[in-house]
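Asker: The residues making up each chain are set out below.
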Amino acid sequence: MLSGWWDDYLWGAVIVAKVFAASLSLMVLFGLIGAAAKLSDNRVAQKIANGYTVVFRGTPEILVILLLYFGSAIALTAIAKLFDPDIRFVDVPPFWAGTIAIALIVGSYATETFRGAFLGVKPGSIEAARALGMSPLQTFIYIRIPEMWRIALPPFGNHMLSLVKDTALISIIGLNETLFVAKQAITVTGKPFTMYIVVGIIYLGFSTLITLSVMGIEKFGNRTTLGAR
Amino acid sequence: MRLRSIQLMAIGVVAMCSAFNASAETLRVGMECTYAPFNYRTADGELAGYDVDVAKGVAKIIGADFEYVCQEWDGMIPALLANKFDLIIASMSITEKRMEKIDFSGPYRFSTGQIVGSKKTKVNLFDGSGKPIPGNFKGLKVGLERATTYASWFEEKLPEADVLLYDSSESLYLDLQNGRVDLIMTNPMKAYLKFLSKEDGAGFEFKGPVIDEEKYFGVGVGIGLRQGQAELKQRLNGALKQLINSGDLESYARKIFPFKLHKDAWGQ
Amino acid sequence: MSFDLNLILDSLPRMLAGLGVTLQLLLVSGLLGLILAILLLLMRISGKFYLDWVAQVYIYIFRGTPILVQIFIIYYGLPQFEAVRDSIFWHILREPTGCAILALTLNTGAYVSEILRGGVLGVDKGLLEAGSALGMSARQKFIYITTPLATRIALPAYSNDVISLLKSTALASTITITDMTGIARTIVADTYAPYEVFISLAIIYMIFTFGIQKLFGLFERYLGRYARREE
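Chains as they are written, first to last, in this note's numbering: chain V, 6 to 234; chain W, 861 to 1128; chain D, 810 to 1040.
Among the hints, a few may not be true.
[Unchecked claim] With a Cα cut of at most 20 Å, we get these calculated PhoX-like pairs of lysine-lysine:
no., chain 1, residue 1, chain 2, residue 2
1, W, 1101, W, 916
2, W, 1001, W, 982
3, V, 52, D, 1023
4, W, 1058, V, 196
5, W, 998, W, 982
6, W, 1050, W, 1115
7, W, 1050, W, 979
8, V, 196, W, 1001
9, W, 998, W, 980
No lab work stands behind these hints, which were simulated from the structure alone.
Please build the complete structure, drawing on both the sequences and the hints.
Answerer: Below is the structure:
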């Protein structure tokens, strides 16, 4: 039925997984930096972080991807040319343009999530830590982080789902993930419904994996408190 | 300060790499990858088609490695200008408008357009001399691919027409079949091969003459490159002429069509 | 590369001409999606396993797949079947706008129903018990207690979804619709100037988003006008 396109879809799915891994790491990074900036006392940092959230929450994903794809090369090349006029180009391939784009977008949502989670750490726990003589760093590692990620987990799970689904948009700039494979397959087979349904099933598979993992991690996170009522 | 030295190191590495690459030149080629039979992907995951064969032939003659990048058609020239790739070998017609922004090699294929529509549409769209009759297009929906010569022709000749702009030519055929559009304008060779001669195209036919006005379709289809690269252009032209004169270009065409797709005069 | 200001000034009015289409997609899909979401919500809290289960599967599918894929399946995929082309639905499915609204509605309906469900679950049990003590029926409790409170709880999340819906309308440009993004892509294809055009477009969307946020902020304050402490 798929007339030989199975393996192409498989490779497309592999690319989706790769994009997910890369953008997840970046998204967490951007989110943490953004949250830190917003929670800090530094007004400049707060303003920049606010600007970041406004820009990337207010712009359609497809537009960010297109802008980063066309813009990155020129901007980076211009900067590189300042140092060495012989440089022909500094290019960002579609994989990275797309990955960074979606990491920036979901990262702006993650900023809010992490910020809310850090604020949700019980003040009593912090006071207890101080009473026990823990240093700020120890408080951060042993008290803030553990409480914070448990609060952030449900919305973070949603961010991960957004990340996976936004990968489909990167097909617009030619990344050979499953949706683009489908488009090329349709050129040859002329069966749009079949090809697109396969894409849907593959993404549904990814979403299911993520949802199950989040449920598992939630269970793990709450293992010490489940019995207590 | 630390950032600056890292940047300098990075620039240094890139510069060294470009120095090493001087012998094995790599050029990136942009194509649509969804435009059978000229450039498309087969189930094996390989790129195939007339444009791909031309690209491979040229690569061999000029001694460079070609890397292929897939790009949606309406972003083809912006992507070339933004350095996403170095050449466009994607059945792009050499038109004046495009030559304002990019350069082209000599032509390697005819460029023509023709309107396709349902057999049930009985209206005469063109008069005896081959000019379109604007009034007869009323009430008909026309599908065109964005940023194509067909779209430009329609915009100038029939600005009043009810036009829908698509991202890819495949979608044009799909929507013509399911009745979303009544007419499309596209490459007649492709239309015949992939559509009209097949089951899907049984109820459809050409609705007018082949149009090859140079103003809109140029002298033909060529390899696009950024301006200011006279040397590369020369090499490409040399390679194309060689392909024409050796008969290779014709053999690429005959893999798909029972005729060749270029004029012999281009080999001079 | 030079930044062509003239181009921006030329393209802005052209892109804004697509504002009407964008708004139409946003408002119609938003409204229909809300109705669908309420329907799904009632199915999920009905207690009847067959309704709950059907709603859950629907939500799972529409939240688990990218909206672009949903749009393509509806627009390009469905017409593959003769049965669809001959049916009464063809009238809607034939038009790209109809397909876009359908896809956006189905998608946002799934998301919003979960948001509403979160709101419903967030209503304090004690208040419902008080309602029972006053002799209210289940229906009365739902209308007079749950709905107002759940709405207030769900509103921030709902405003986020409306903004997401706005951003999703940009995807309608991939099925020939001349919304703001569709017009922008046509301009870019003609002028080969992606930055100027796309950056201006992004700014338009950002202004829009800001507007929607402010509107929802006002609505939130209005709903919470009795709950606010005197300051």
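Asker: Does each hint hold? Answer for all of them.
Answerer: To see whether the hints hold, each was checked on the structure:
1. For the given pair, residue 1101(W) sits about 15 Å from residue 916(W) by alpha-carbon distance, which is consistent with the 20 Å threshold.
2. For a cut-off of 20 Å, the pair hint linking residue 1001(W) to residue 982(W) stands: about 15 Å separates their Cα positions.
3. The hinted pair formed by residue 52(V) and residue 1023(D) meets the criterion: a straight-line CA distance of about 19 Å does not exceed 20 Å.
4. Restraint check for residue 1058(W) and residue 196(V): satisfied, since their Cα atoms lie roughly 14 Å apart, inside the 20 Å limit.
5. Restraint check for residue 998(W) and residue 982(W): the C-alpha separation of about 13 Å stays at or below 20 Å, so the hint holds.
6. The hinted pair formed by residue 1050(W) and residue 1115(W) meets the criterion: a straight-line CA distance of about 14 Å does not exceed 20 Å.
7. Between residue 1050(W) and residue 979(W) the CA atoms are separated by roughly 18 Å; this keeps the pair inside 20 Å, and the hint holds.
8. With a CA separation close to 23 Å, the supplied pair residue 196(V) and residue 1001(W) exceeds the 20 Å bound.
9. Simply put, residue 998(W) and residue 980(W) have alpha-carbon atoms about 16 Å apart, close enough for the 20 Å limit, and the pair holds.
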